[in-house]
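Student: Sequence:
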Amino acid sequence: MVYRCNRCVKWAIIYFLVILFICYIVFNLDLRNSLLFLSLGNAPASYSKDWHNYTQMMLDRARRGVGEHGNPVKLPSSVAEKAEFDRLYKTNGYSGWTSDKISLYRAIKDLRHEDCKRKSYLRLLPSTSVILPFHNEHLSVLLRTVYTIVYRTPPELLLEVILVNDASTKPELNDILERHVQRKFPNLVRVIRAGSDGRREGLIRARLRGAAKASGQVLMFMDAHSEVGYNWLPPLLEPIKLHYRTVTCPFIDVIDCDTFAFRAQDEGARGSFDWKFHYKRLPLLNKTGAEPFESPVMAGGYFAISKRWFDELGRYDDQLMIWGAEQYELSFKLWQCHGRMIDIPCSRIAHIYRCKYAPFEDPGIGNFLERNYKRVAETWMDEYKEYLYLRLPRLRNVDPGDLTKQREVRQRLKCNGFDWFMKNVMFDQPKHYPLVEPPDVMSGRIKNKRTGRCIDVQNAGLQTELTTSQCKDYLKRQEFVLSWRSEIFQRFGENCLDSMNHGPGETVHLFACHGGGGNQNWTYSLNTTMHLQMTASNLCLDTDNTGRLFLNTCQLVDSQKWFWS
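In terms of the numbering used here, the sequence shown opens at residue 1 and continues consecutively.
Be aware that a few hints might be false.
Keeping only pairs whose Cα atoms sit at most 16 angstroms apart, straight-line, the calculated EDC-like set for lysine to aspartate or glutamate is [unchecked claim]:
id, residue 1, residue 2
1, K423, D382
2, K449, E437
3, K287, E312
4, K405, D318
5, K414, D274
6, K447, D558
7, K101, D256
8, K74, D86
9, K423, E294
10, K476, E494
11, K276, E68
12, K276, E437
Please keep in mind that the hints were generated in silico from the structure rather than gathered at the bench.
Start from the sequences, fold in the hints, and give me the full structure.
Tutor: Quick look at the structure:
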């Protein structure tokens, strides 16, 4: 009898340990492994659904008009229209004039991979609150963002759209906007106010206000100058349904800031950063097509996260100010604290990248960005923060404020260290962005032999043509660096010399440095021709009497000879 009891106890213990092990696998195993079976497309047919709104897509195909199907809008020709175009451009950093010519809802190009158009997703998906902070956004751009969300999202998934007005001063963004959305989308779209005494709170705290008011199981954060693609939401929700600690990010396409034409940005890359905290991208590890892939760092503008996970993570650090570094803070802690982030190729949202002008005034609170960097580095980066301080030594003397609350989050969730993140998530980062970089090739002003003038940014924004002007020692905007990775970038900026096309006569612009070579890869022949040559096209940098910079067939002429001071 005693033997039988001992045997029963033995088997009971074994069963208990097996059950305990299964629970561990389900709840604690690294998500990269535990979700292998629960991958997109593995759900039985009876549990899945084709979420496409084919009626809406058919109606869109029949639409005709200015800007429909993502086609470019013809730019103004009359003097009066050009004046209005310029006025609205300076106000917004993109063409408000063009936006006003387009319907508040328009048909777009379907830029998805063909496999995406045949995919089904789980039938039961979580309810979603879309949160759109804005400050002095152009009204028609903001409304078009709302219209596309409402008309391209399954109503059973879209619980609400929350517009967070962060102290906008444009009169149309107050009562007129609120009356419009109440009349057009009652009980679905609402406006809440952020900012006190007319002072702007900034993107981070405006998002936190929206999240606090949201009732959806999933929070979808977006910029207010966007147009969502077809069937954009279900692909973002399914991985979160399968495991609540998964964060999903859509592919971001481009709406041209002048013509509002649609184009794909690319077919995917993994988010990262350099050691000055500029957002960068790493190459894909495998070809993905329509399949999701892990990404170490989000770009920050667009992502979906379960409200439960957002709350467990302590939301954003509420002491981060205005904007900047919030994408690093959230990316680091969700990975280090046993979560996961994936990019979803079948979800596409188009975004207007502001160019030529920075329309928003200085908030007048000092260097908030450096303080944000310091808070993130001191909380999450451990010994790796020293590589950030090596590039940005002034951060050592920045007061980050009280970090107690953020460190308690890290302790409560038993988060991994940053060394774990570097070795398990962003393991190829040092290959592309070394912890200690090789020395620069050249630096200083770039002076043309023929004209005696220097390349000058002249406060140009992204995609603005560069020019030359009289060389002046005190002008920081004339200082450039030819880096070890063959990029020519602003010494006091993060943008590189680039060209949108390869042919002779193509102008040279500033674009965000991406580290991927291509049109940003240059060679300099110091001891021979003194040419600056774009590797991708084998064309040389040239200039004329107007100061314009352009690509040209390489010749031994003085207009193509450049001195580095």
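Student: Indicate, hint by hint, whether the structure satisfies it.
Tutor: Hints, one by one, checked against the model:
1. Note on K423 and D382: the hinted pairing holds, with a Cα-Cα distance of about 14 angstroms set against a maximum of 16 angstroms.
2. Between K449 and E437 the CA atoms are separated by roughly 31 angstroms; this puts the pair beyond 16 angstroms, and the hint is violated.
3. For the hint linking K287 to E312, the alpha-carbon distance of about 33 angstroms lies beyond 16 angstroms, and the restraint is violated.
4. The hinted pair formed by K405 and D318 meets the criterion: a straight-line CA distance of about 10 angstroms does not exceed 16 angstroms.
5. Taking the CA atoms of K414 and D274, the gap is about 27 angstroms. The hint is violated against a cut of 16 angstroms.
6. A distance of roughly 11 angstroms separates the Cα atoms of K447 and D558; the hinted pair therefore holds under the 16 angstroms criterion.
7. Annotation: proposed proximity of K101 to D256 holds, straight-line Cα distance about 14 angstroms (limit 16 angstroms).
8. Proximity of K74 to D86 is assessed by CA-CA distance (about 15 angstroms); at most 16 angstroms being required, the pair is judged to hold.
9. Proposed proximity of K423 and E294 is supported: the alpha carbons are some 14 angstroms apart, at most 16 angstroms.
10. For the hint pairing K476 with E494, the CA-to-CA distance comes to about 13 angstroms; that is within 16 angstroms, so the pair holds.
11. Annotation: proposed proximity of K276 to E68 is violated, straight-line Cα distance about 40 angstroms (limit 16 angstroms).
12. With a C-alpha separation of about 12 angstroms, the suggested pair K276 and E437 falls inside the 16 angstroms cut-off, and the hint holds.
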